[in-house]
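J.: Each chain is listed here by its residues.
2 protein chains.
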Amino acid sequence: MEEKTLESNTVFTGKIITVKVDRVSLTNGWTSLREVVLHPGAVAVLPLFDNGDVVLVKQFRYPVGKVLIEVPAGKLDPGEKPEECALRELREETGIDAGKLEYVGFVYTSPGFSNEKIYLYIAEELSQHEQDLDVDEIVETIRLPLREALRMCIDGEITDAKTVALLSLAFLKRG
Amino acid sequence: MEEKTLESNTVFTGKIITVKVDRVSLTNGWTSLREVVLHPGAVAVLPLFDNGDVVLVKQFRYPVGKVLIEVPAGKLDPGEKPEECALRELREETGIDAGKLEYVGFVYTSPGFSNEKIYLYIAEELSQHEQDLDVDEIVETIRLPLREALRMCIDGEITDAKTVALLSLAFLKRG
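Protein chains in written order, with this note's numbering: chain P, -15 to 159; chain R, -15 to 159.
Bound-form chain P, shown alone (with noise of 0.2 Å):
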């Protein structure tokens, strides 16, 4: 089933994608050309308060052009490991220090086109202080009951589709 290199061209290098078109030899002796986008990989994290209220995020999405409430979640700094993105990213968009991290799994996002693997983590024993934003990063924080959450999931108002994955997992483990 797997499906052989043959030839590879990067054809674009940004700051933070890079994408290149692969030849690829395929079990069945044809080839076929595969375009992909390099991402550095990510982490999304649920804070979970122990009242049951989630902390979310909004804020504009330009590629999509719109405002969409998220997990907080960001990129890994190179050679950064997940659980010290997972609790820098929780910091710095919502000012929550979690004092408990628990790994439920990853998604891959786009794995047609992209690499993009995304950790995915619930923090308890949580603490509010202030957000630490980059210049860059405009976001609004929300906090609500996570059932309420899963209901604007159902309902359409939540369409991020990491922010739909962990939601659900952390009510399938957590109930």
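To be clear, the hints were calculated from the coordinates, so they are not data collected in a lab. Ideal Cβ positions, reconstructed from N, Cα and C, are used throughout, including at glycine. Take these hints with a grain of salt, some might be off.
What the hints assert, rightly or not - Counterexamples of contact, computed for chain R against chain P with all Cβ distances above 10 Å:
#: 1; residue: Asp34
#: 2; residue: Glu64
#: 3; residue: Glu67
#: 4; residue: Arg72
#: 5; residue: Gln112
#: 6; residue: His113
#: 7; residue: Gly140
Claimed, not checked - List of simulated lysine-lysine pairs, DSS-like, C-alpha gap at most 25 Å:
#: 8; chain 1: R; residue 1: Lys65; chain 2: P; residue 2: Lys50
#: 9; chain 1: R; residue 1: Lys42; chain 2: R; residue 2: Lys101
#: 10; chain 1: R; residue 1: Lys59; chain 2: P; residue 2: Lys(-12)
#: 11; chain 1: R; residue 1: Lys84; chain 2: P; residue 2: Lys101
#: 12; chain 1: R; residue 1: Lys101; chain 2: P; residue 2: Lys101
#: 13; chain 1: R; residue 1: Lys84; chain 2: R; residue 2: Lys59
#: 14; chain 1: P; residue 1: Lys65; chain 2: P; residue 2: Lys(-1)
#: 15; chain 1: R; residue 1: Lys(-1); chain 2: P; residue 2: Lys(-12)
#: 16; chain 1: R; residue 1: Lys50; chain 2: P; residue 2: Lys4
#: 17; chain 1: P; residue 1: Lys4; chain 2: P; residue 2: Lys(-12)
Claimed, not checked - Negatives, chain P to chain R, calculated, CB over 12 Å:
#: 18; residue: Glu(-14)
#: 19; residue: Gly13
#: 20; residue: Phe33
#: 21; residue: Gly36
#: 22; residue: Asp61
#: 23; residue: Lys65
#: 24; residue: Pro66
#: 25; residue: Arg75
#: 26; residue: Gly79
#: 27; residue: Gly83
#: 28; residue: Lys84
#: 29; residue: Leu85
#: 30; residue: Ser98
#: 31; residue: Glu108
#: 32; residue: Glu109
#: 33; residue: Pro129
Could you slot chain R onto chain P? The hints should help.
T.: Frame of chain P; chain R shown alone:
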């Protein structure tokens, strides 16, 4: 909160994706660069049998270098309606015809760098025929109970974001 385009440069035009780098103005007065992968959009469709079984597909995903288990899915052809695409992809990848298609929402897979939008459906009133794959597609199907598929999401055997999202939404809606 909105970001306005000051300048847009297309840096790669492929068969499937187009990549542009835009300079944008933020509401806080800063400007920033945004790398954007334009994608034609896609559908994902969960075939759900009367007895609670679902059909998933296994295929090698070159960008991540692994065989993944996913809901049947595929890109929109130019001018194609999502519902038509859902029925077509379901038929091609699994050989299943559906008498009923329920729209359950959409997800953005990677809104930080791409506009990819996936329309999600549950297909019912199913009848089984032969697969009809593209020459560069090699796809195996597996039939299993919806609850078993959800367990695979929790256990990390299913890692595709749209698949975790659609299975979870089907479970939350149907119980």
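J.: Next, verify each hint and record whether it holds.
T.: Comparing the hints with the structure gives:
1. Asp34: R/Asp34 clear of chain P: closest Cβ-Cβ about 23 Å, beyond 10 Å.
2. Glu64: 17 Å, holds
3. Glu67: Nearest chain P Cβ is 17 Å from R/Glu67, so the label holds.
4. Arg72: 16 Å, holds
5. Gln112: It holds; R/Gln112 is separated from chain P by about 22 Å at its closest Cβ, greater than 10 Å.
6. His113: Correct as stated: the minimum Cβ-Cβ distance to chain P is 21 Å, above 10 Å.
7. Gly140: At roughly 5 Å from the nearest Cβ of chain P, R/Gly140 sits no farther out than 10 Å, so the non-interface label is violated.
8. R/Lys65 - P/Lys50: 22 Å, holds
9. R/Lys42 - R/Lys101: The given pair, whose Cα atoms are some 22 Å apart, holds under the 25 Å limit.
10. R/Lys59 - P/Lys(-12): OK: R/Lys59 and P/Lys(-12) at ~23 Å, within 25 Å.
11. R/Lys84 - P/Lys101: Not OK: R/Lys84 and P/Lys101 at ~33 Å, beyond 25 Å, violated.
12. R/Lys101 - P/Lys101: 17 Å, holds
13. R/Lys84 - R/Lys59: Between R/Lys84 and R/Lys59 the Cα gap is close to 20 Å, so the pair holds against 25 Å.
14. P/Lys65 - P/Lys(-1): 20 Å, holds
15. R/Lys(-1) - P/Lys(-12): 20 Å, holds
16. R/Lys50 - P/Lys4: Satisfied, since the Cα-Cα distance of roughly 18 Å is no more than 25 Å.
17. P/Lys4 - P/Lys(-12): Roughly 15 Å separates the two Cα atoms, so the pair holds.
18. Glu(-14): Violated: least Cβ distance 6 Å, not greater than 12 Å.
19. Gly13: Given that some Cβ of chain R is not farther than 12 Å from that of P/Gly13, nearest at about 10 Å, it is violated.
20. Phe33: Nearest chain R Cβ is 22 Å from P/Phe33, so the label holds.
21. Gly36: 16 Å, holds
22. Asp61: For P/Asp61, whose nearest Cβ neighbour in chain R is about 15 Å away, the distance exceeds 12 Å, so it holds.
23. Lys65: Given that every Cβ of chain R is farther than 12 Å from that of P/Lys65, nearest at about 18 Å, it holds.
24. Pro66: 14 Å, holds
25. Arg75: Holds: least Cβ distance 19 Å, greater than 12 Å.
26. Gly79: Fine: 18 Å to the nearest Cβ keeps P/Gly79 off the interface.
27. Gly83: Nearest chain R Cβ is 24 Å from P/Gly83, so the label holds.
28. Lys84: Given that every Cβ of chain R is farther than 12 Å from that of P/Lys84, nearest at about 19 Å, it holds.
29. Leu85: 17 Å, holds
30. Ser98: 6 Å, violated
31. Glu108: Non-interface label on P/Glu108 holds, nearest chain R Cβ at 18 Å vs cutoff 12 Å.
32. Glu109: Holds, because the least Cβ-Cβ distance between P/Glu109 and chain R comes to about 23 Å, which exceeds 12 Å.
33. Pro129: 15 Å, holds
Violation of the numbered hints given earlier is confined to hints 7, 11, 18, 19 and 30; the remaining hints are satisfied by the structure.
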